[in-house]
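A.B. asks: As a plain string of letters, each chain reads:
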Amino acid sequence: ETGVTQTPRHLVMGMTNKKSLKCEQHLGHNAMYWYKQSAKKPLELMFVYNFKEQTENNSVPSRFSPECPNSSHLFLHLHTLQPEDSALYLCASSQQDGVGAEAFFGQGTRLTVV
Amino acid sequence: GIQVEQSPPDLILQEGANSTLRCNFSDSVNNLQWFHQNPWGQLINLFYIPSGTKQNGRLSATTVATERYSLLYISSSQTTDSGVYFCAVAPSGNTGKLIFGQGTTLQVKP
Numbered sequence: 001e002t003g004v005t006q007t008p009r010h011l012v013m014g015m016t017n018k019k020s021l022k023c024e025q026h027l028g029h030n031a032m033y034w035y036k037q038s039a040k041k042p043l044e045l046m047f048v049y050n051f052k053e054q055t056e057n058n059s060v061p062s063r064f065s066p067e068c069p070n071s072s073h074l075f076l077h078l079h080t081l082q083p084e085d086s087a088l089y090l091c092a093s094s095q096q097d098g099v100g101a102e103a104f105f106g107q108g109t110r111l112t113v114v
Numbered sequence: 115g116i117q118v119e120q121s122p123p124d125l126i127l128q129e130g131a132n133s134t135l136r137c138n139f140s141d142s143v144n145n146l147q148w149f150h151q152n153p154w155g156q157l158i159n160l161f162y163i164p165s166g167t168k169q170n171g172r173l174s175a176t177t178v179a180t181e182r183y184s185l186l187y188i189s190s191s192q193t194t195d196s197g198v199y200f201c202a203v204a205p206s207g208n209t210g211k212l213i214f215g216q217g218t219t220l221q222v223k224p
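Protein sequences appear in the order of chains A and B. Numbering-wise (our numbering), the first sequence opens with residue 1 and increments by one. Numbering-wise (our numbering), the second sequence opens with residue 115 and increments by one.
Keep in mind that the hints were calculated from the coordinates and are not lab data. All C-beta atoms, glycine included, are put in the ideal place defined by N, C-alpha and C. Honestly, I wouldn't trust all of these hints.
Here are some, though not all, of the chain B residues that point toward chain A, as calculated from beta-carbon distances under 8 Å [said to hold, decoys possible]:
#: 1; residue: TYR187
#: 2; residue: GLN192
#: 3; residue: ASN208
#: 4; residue: LEU212
Between the sequences and the hints, there should be enough to build the whole structure, so can you do that?
C.D. replies: Following this line, the structure appears as structure tokens:
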């Protein structure tokens, strides 16, 4: 059992579908993140939320739409994806209080776009 | 932006052997973490070590921030140590904004 939980663990979707990935953190952190891990590539930061406000969008296409309704929950809404968007999507959280603290990751959602 | 390089890219060991994984980074950092990615994709936190030395069982890590490198030591390796080891750094400010290296893939043979 981790402090960061992601659902679903696996997702197969067509290019015309709309789906959402969910992330919940139970660590009391104030910052949450979405990362993408494609085959043969290092993890890439997609979005950053501090205190529910989006503070960074790392040039992510608009077919990925994040939502952070509160400090504990983070969603990634997906629509009209491409096969090259197939990847492992990882959520993370950390406490940002000026001192610095480690980030913790969820189990990931393995997405396949067909 | 900051560059993170890990070496070696691949490593094969016999069970019981020791190993050292290296992470070089090109600029000063606010955070450095080592992770082990299991076969199911989850990143397991090993060390939060922006500087200094830490030990946890058979694993230990050292970061020399002034020389911009970190080392992960695995002693008496076991087959369950197999997987990908990532080093990740946060250049400044938000310590969760991590830049990952390419990883070292470790295979421990029985």
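A.B. asks: If a hint holds in the structure, say so; if it doesn't, say that too.
C.D. replies: Results of checking the hints against the structure:
no., hint, in the structure
1, TYR187, "violated, 19 Å"
2, GLN192, "violated, 22 Å"
3, ASN208, "holds, 6 Å"
4, LEU212, "holds, 6 Å"
Comparing the model with each numbered hint stated earlier shows that hints 1 and 2 do not hold.
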